[in-house]
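There are 2 protein chains.
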Amino acid sequence: MLKKKQDISFFFNPKSIAVIGASPMPGKLSYVILENLKKAGFLGAIYPVNPKYSSINNLRCYKSITETNDNIDIAVIVLPAPVVAESLKSAGKKVKGAIIVSGGFKEIGDEGVRLEEEIKKIAEKNGIRIMGPNCMGIYDTISRVDTFLITSDRIGRPNKGGISIISQSGSFAGTIMDELAYEGIGVARVISYGNRVDVGETDCLEFLAGDGATKIIALYIESVDDGRRFVDAASRCTRKKPVIAVKVGKRGAGVYAARSHTGAMAGRHEIYSAAFKKAGIIEVAGYEGLKDACRVLNVYKLSKGKRVLIITDGGGIGVSISDACENSGLEVTGLSDDVRKSLTSKLPHFCAVGNPIDLTGSVTDEYYITALKEGLKDKFDIVIAAVLWGPPQLTERLVDKLIGFKTKHNIPIVICSPGGKFTKKINSIFEGKGIPVFSTPESAVRAATILAS
Amino acid sequence: MLKKKQDISFFFNPKSIAVIGASPMPGKLSYVILENLKKAGFLGAIYPVNPKYSSINNLRCYKSITETNDNIDIAVIVLPAPVVAESLKSAGKKVKGAIIVSGGFKEIGDEGVRLEEEIKKIAEKNGIRIMGPNCMGIYDTISRVDTFLITSDRIGRPNKGGISIISQSGSFAGTIMDELAYEGIGVARVISYGNRVDVGETDCLEFLAGDGATKIIALYIESVDDGRRFVDAASRCTRKKPVIAVKVGKRGAGVYAARSHTGAMAGRHEIYSAAFKKAGIIEVAGYEGLKDACRVLNVYKLSKGKRVLIITDGGGIGVSISDACENSGLEVTGLSDDVRKSLTSKLPHFCAVGNPIDLTGSVTDEYYITALKEGLKDKFDIVIAAVLWGPPQLTERLVDKLIGFKTKHNIPIVICSPGGKFTKKINSIFEGKGIPVFSTPESAVRAATILAS
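Chains A and B are the protein sequences, given in the same order.
First residue of the first sequence? That's 0 in numbering that gives the first Met the number 0, and the numbers climb one at a time after it.
First residue of the second sequence? That's 0 in numbering that gives the first Met the number 0, and the numbers climb one at a time after it.
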């Protein structure tokens, strides 16, 4: 057995990184990794290793890892699967951890399983912690490490922020990262651990639990390695910060697909759901849920309860949101008589005073603020403001008014604005000010459901 | 009783439109309607009616509708609720149909109910068909009628196309319209009928069933007026063209919200679902489903079966799609031995040959075409191609290759590409060529589910 409980924090604070199988050819993955490390601004030593070259891009290239004078914190291995074991052997005890990005292991069948077993043995013998194989490794805005083997023009790199992502799937991690970058949402650490011969979700959770830079954890898993240890670690983690998880490979086709992806045995979904619940993990149904969770938790804290006040100027959208809330266990509770009376006296007669509060197409900016002020005299935990921008008397000024209100009253206001050109222009103003806008009733409710978890 | 079964086609082919309560003031709704009618290019006669003015924007303004020499096909009534009845009375038998956009009726309670009853009686007596009150009326790219009271800079107007929308909610109709305009998807007729004192979903379905311009019908309803008649009309309609419906006001909060929106008694959702099924209507869960349906049916026909082939270069996304397919009743059936063998011989060894076919991050454009050609030798009804654009050897040329393949082989290929800047650039190339791209696994599967309905 590998020493699973050993600390893996050196992966997130390395002083030296070797790239085994480095290449000076721009088309090669190992070249991309060297470039990305530079672009990320990694401040430690970088050692390209390849017997064929003496220098790559102004860096001395080493014939073998033993030739370097330094101890290596991370060796990124970009070699064909059959020679990976050999490279670990030659590294001896010089290397603390290896990120094996190469594919061609358990995910391709028997021969790959054998290669993985070999790697496991050598790593254990030499005391090397392994991330991968068949992974992207680490994108880290704190340590400035970037081993993702895709150029940043294809997959954007988010700025520094509070979200950390743990993903068995590299493409899933990369895609979410790309979306967050596009939306201007920052991350702390993104970890893709692939086939998990050693480092897995639980090691990462344990590290991120104590990581000051990480405020929120998003987890994509196809399977869990050691259920009991996972629940223990996750329970400790969720006491400190929210952990959102999507478990894929749920049943039938998905289970099959997961096996041929990272060789994971996906297992019965109900067992996972129960374990998540026990550990205080917020489970989301899929990609959309994980994305919505990242967007909303980047701005708002978890709320204490499930009571949602819906304010809108579009009746049909209000009904749709009520439906979706009802469907996901949120409480769209009615207004008290007092609040109803004061709203009736302060809003024009054509507004529908209830929950939702429907301000109708004759709405002005100020109606929204009145509805918020009065409506929140009843104890609601979350507001969904479904602002349709058709009504002519709604102006851009509402953006700052809503943001001001949320800040002053410290209440999460989930903005829902579906629509076309004009709406998207306003939405980008919100987002420029750091407030996410959800462009369908369903996504707004997914976000509110996360907050109420 | 109103003569419900009377033909309402004159609403969609009017020769003359009067705007009752017309105003020369740009802030007023009636002014917006006059402007929109002009912008839409309505070729018939337009009669502004308002005793206060003698002309509005170079059109003669009439003191009353009786002053016009013409018979009026549509009178758009933009007056305060309490005087609407009076205006219908004075119209006498000169008017075939009225679109009452004014709010302040059943949706606001007892007094509104009384006003509505009055309108009903007068309309019946004078043989006037009524659309509304509390509605947007008609946006029609064939007859060039536009009674939506919102300017096109706020709510975009789609070009001519095959989708027709029937919506109880005006804001829902406007928002979907705005989204379709933004995506370059065309519509035939958009109808918002609001409180339904007379014309409702069934009249509209009956008209659209025989309407050559309408290829697909999207329906938003809070309640149905006459269940049996609705099912009969819808059954006739679905034999000719697909009808998609979202029923809101499902339970609890949603039911309450629907009542205060258009005064509709929403009723038990299960009854609606059963009726939809009986009538051959494809039910979607909400706004997202309706939007996805419009996008995919704008390009693809309903398929004969439910068998889905998933092809991807991102394993995790492939697993997510498999899960979502499984969840919505699609069949992700395995490949036959023959197809598996030929794929194994034609694709590199690192590809996972199954369903999904995972081409991995080493994918090239050509792998996708190989996977399609070979994979479709097994009988699949729909392909979901989840193209992640990270891999460096994928190029823009794949767009035309995929479109060419779909055209040649007449198979619906649902493209799923989540991601940031680079991905969105490629997606817009697809969409410029009329092919929708779905940006989450879930939305792609919603679209495939519609096709398989």
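Bear in mind the hints are in silico, worked out from the structure with no lab data behind them.
Model, not experiment: these values are computed from the prediction.
Check before you lean on any hint, since a few could be wrong.
Since the list gives no way to pick out one identical chain from another, each pair is judged satisfied if it fits inside one copy or across any two copies.
[Stated by the list, open to error] Result set (EDC-like, lysine to aspartate or glutamate): computed pairs, CA atoms no more than 16 Å apart in a straight line:
{"no.": "1", "residue 1": "424", "residue 2": "282"}
{"no.": "2", "residue 1": "38", "residue 2": "336"}
{"no.": "3", "residue 1": "38", "residue 2": "66"}
{"no.": "4", "residue 1": "420", "residue 2": "152"}
{"no.": "5", "residue 1": "423", "residue 2": "152"}
{"no.": "6", "residue 1": "424", "residue 2": "152"}
{"no.": "7", "residue 1": "88", "residue 2": "117"}
Okay, the hints, checked on the actual structure:
1. In this assembly of identical chains, residue 424 and residue 282 lie within 16 Å of each other by CA distance neither inside one copy nor across copies; the values are 32 Å within and 32 Å between.
2. When the C-alpha separation of residue 38 and residue 336 is checked against a cutoff of 16 Å, the pair qualifies neither within a copy, at 60 Å, nor between copies, at 46 Å.
3. With identical chains, the CA atoms of residue 38 and residue 66 are never at most 16 Å apart, being 26 Å at best within one copy and 76 Å at best between copies.
4. For a Cα distance limit of 16 Å, the shortest separation of residue 420 from residue 152 across copies, 8 Å, qualifies, whereas the shortest one inside one copy, 26 Å, does not.
5. Proximity of residue 423 to residue 152 under the C-alpha cut-off of 16 Å is restricted to the inter-copy arrangement: shortest distance 12 Å between copies versus 24 Å within a copy.
6. For a Cα distance limit of 16 Å, the shortest separation of residue 424 from residue 152 across copies, 11 Å, qualifies, whereas the shortest one inside one copy, 25 Å, does not.
7. In this homomeric assembly, residue 88 and residue 117 come within 16 Å of each other (Cα to Cα) only inside a single copy, at 10 Å, whereas the closest approach across copies is 91 Å.
Hint check: violations occur at hints 1, 2, 3; the rest are consistent with the structure.
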